[in-house]
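Taken in order, these protein sequences are the chains called A and B. Number 70 in our numbering belongs to position 70 of the first sequence; there are no gaps in the numbering. To convert a position in the second sequence, counted from 1, into our numbering, add 1000.
The set of hints was computed from the structure by calculation and includes no laboratory data. Virtual Cβ for every residue (Gly too), placed ideally from N, Cα, C. Mixed in with the good hints there might be a few duds.
Each pair of labels, with its calculated beta carbon distance range [stated by the list, open to error]: (1) B:GLY1169 x A:PHE253: 34 to 40 Å; (2) A:LEU31 x B:LEU1048: 27 to 33 Å; (3) A:GLN222 x B:LEU1205: 41 to 47 Å; (4) B:VAL1057 x A:ALA114: 51 to 57 Å.
Chain by chain, the residues:
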Amino acid sequence: MAVDRVERRSGREDADIFDLPTVRLRGRNVLALVLAPEFPMSDWFTAFDRQLDAAPGFFADRPIVADLRPALAEGGPQAIGLVLDTLALRDLKLIGVEGVEARHLAGTPWERLATRLHGRDTAVETPEGDAAAEPSAPAEPETPAQTSLLIDRPVRSGQSVVFAEGDVTIVGSVSSGAEVLAGGSIHVYGALRGRAIAGLRAGAGARIFCRKLEAELVGVDQLYRTAEHWGPGLHGRAVQVLCDRGSLRLSAFD
Amino acid sequence: MSTVMVVTSGKGGVGKTTSSASLGAALAQRGQSVVLVDFDVGLRNLDLVMGAERRVVFDLVNVIQGDAKLPQALIRDKRLENLSLLPASQTRDKDALTEEGVGKVIEELKERFDWVICDSPAGIEKGATLAMLYADLAVVVTNPEVSSVRDSDRIIGMLDSKTRRAEAGERIDKRLLLTRYDPARAARGEMMKVEDVLEILAVPLLGIVAESPDVLTASNMGAPVTIHNPASPASVAYMEAARRLMGEDVPMSQPAQRQQGLFSRLFGKKAAAA
Chain A
1 MAVDRVERRS GREDADIFDL PTVRLRGRNV LALVLAPEFP MSDWFTAFDR QLDAAPGFFA
61 DRPIVADLRP ALAEGGPQAI GLVLDTLALR DLKLIGVEGV EARHLAGTPW ERLATRLHGR
121 DTAVETPEGD AAAEPSAPAE PETPAQTSLL IDRPVRSGQS VVFAEGDVTI VGSVSSGAEV
181 LAGGSIHVYG ALRGRAIAGL RAGAGARIFC RKLEAELVGV DQLYRTAEHW GPGLHGRAVQ
241 VLCDRGSLRL SAFD
Chain B
1001 MSTVMVVTSG KGGVGKTTSS ASLGAALAQR GQSVVLVDFD VGLRNLDLVM GAERRVVFDL
1061 VNVIQGDAKL PQALIRDKRL ENLSLLPASQ TRDKDALTEE GVGKVIEELK ERFDWVICDS
1121 PAGIEKGATL AMLYADLAVV VTNPEVSSVR DSDRIIGMLD SKTRRAEAGE RIDKRLLLTR
1181 YDPARAARGE MMKVEDVLEI LAVPLLGIVA ESPDVLTASN MGAPVTIHNP ASPASVAYME
1241 AARRLMGEDV PMSQPAQRQQ GLFSRLFGKK AAAA
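Only chain A is shown next, with the shape it has when bound in the complex (with noise of 0.2 Å):
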């Protein structure tokens, strides 16, 4: 009897974990913008009170992270709360600081910001003084933007394509420790021995095509799968990797 129970338990724990749903995780570039402020505090904030003023629309929706060197260099931990506040005031959407550790915000309103934020610094044009450029700026497209990306050389080892618009098409190969990254579908006329996620925008339709698979890992959307996965069986062969009905397949052209 009490066997019978035990074994009924576990039977419907397992269906459980059938019935869960999987759950899909997908990643996002999106541009925050870094701001430092300076001492002397009430001078760096009227100065940007006023950019605030000249462009209104530039930090909305703009996720913000504060770099606190400066404020902590300066003014010691107390002054960390005091400029996050002072720049919460002015309605920005900060998701982080930089240059202070968790240890600096425990116990303050902001401790569950993260204070480990990867990625690094690009360029940003700044808000000129003139709020009427603001708005008609984006009016006009000047170029028809780029949507594919040619590449006449090898990517090399510790080399990184990132090319959200579109296509990239290589003329020579990837090298292992080398990564290349598409919006749409990735093609490689040599042999592909790094990793390759293409579809970031095209999602499930895009493709990677190769001359020769040695990779060690390939994606498609939110799908990816390493070498191990596919075996010495396509190894060095012409391949397609494809999403098929909501999984990742490979197949050989040849």
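Fit chain B to the supplied structure of chain A, relying on the hints for placement.
Coordinates of chain B only, in the frame set by chain A:
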């Protein structure tokens, strides 16, 4: 016309310094005027391999910082009068080198020598990037093993993006020097084959130097192998590579695979008889 040549690899211990010394000496033996510049500030070795460690007074860092004039720091080789050495500093670190300082020294060296050979430190940090920055030609030293090949691939990518030539939109000329090659092990499949390395790196081959005890012996005697033991297969390989650098068309000879095969067959028979 002077050529600035960097000898680089990414990975350490593959034979950059030995190859710099041997190629430099081989070019000098062919009548070219050559200077070897050691960029491995803090871990210098080229002076030992050249047997000049007891003649170092001033070094690259002294010249860059203006403590010494270039002719004071140059050490002329005792065996070949058209071969000179600009040693690295052992007591400083790589931060003592600056882009402008290195550029000035290299300009000055180009006026005096046909070949300026920059012996790069291992790694991809400042020392290595400064050694390659002004190069016209790069010799990528690689061992036939996967880690060395991948590191060389990384370095080739940097040569194509982080040198003055690349920044100006030109291509830097790159050649592959395969060192410590063991034909017997390659034949048994324990080592990468020449074709495999060439296929991955896609860079023209400058030469294949077989693993040889002569190279280590020469280094320990403080002489490049081409001077110490010109008859050694390694010396022949370096001499041929130097002639290719000078633009001669020298057919590529694979290191003595047949001879090794014969040896292993003899040993194999012996073992079977015993």
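- Query: Among the hints numbered above, which are violated by the structure, and what are their numbers in rising order?
  - Reply: The structure conflicts with hint 2 only, although it agrees with all the remaining ones.
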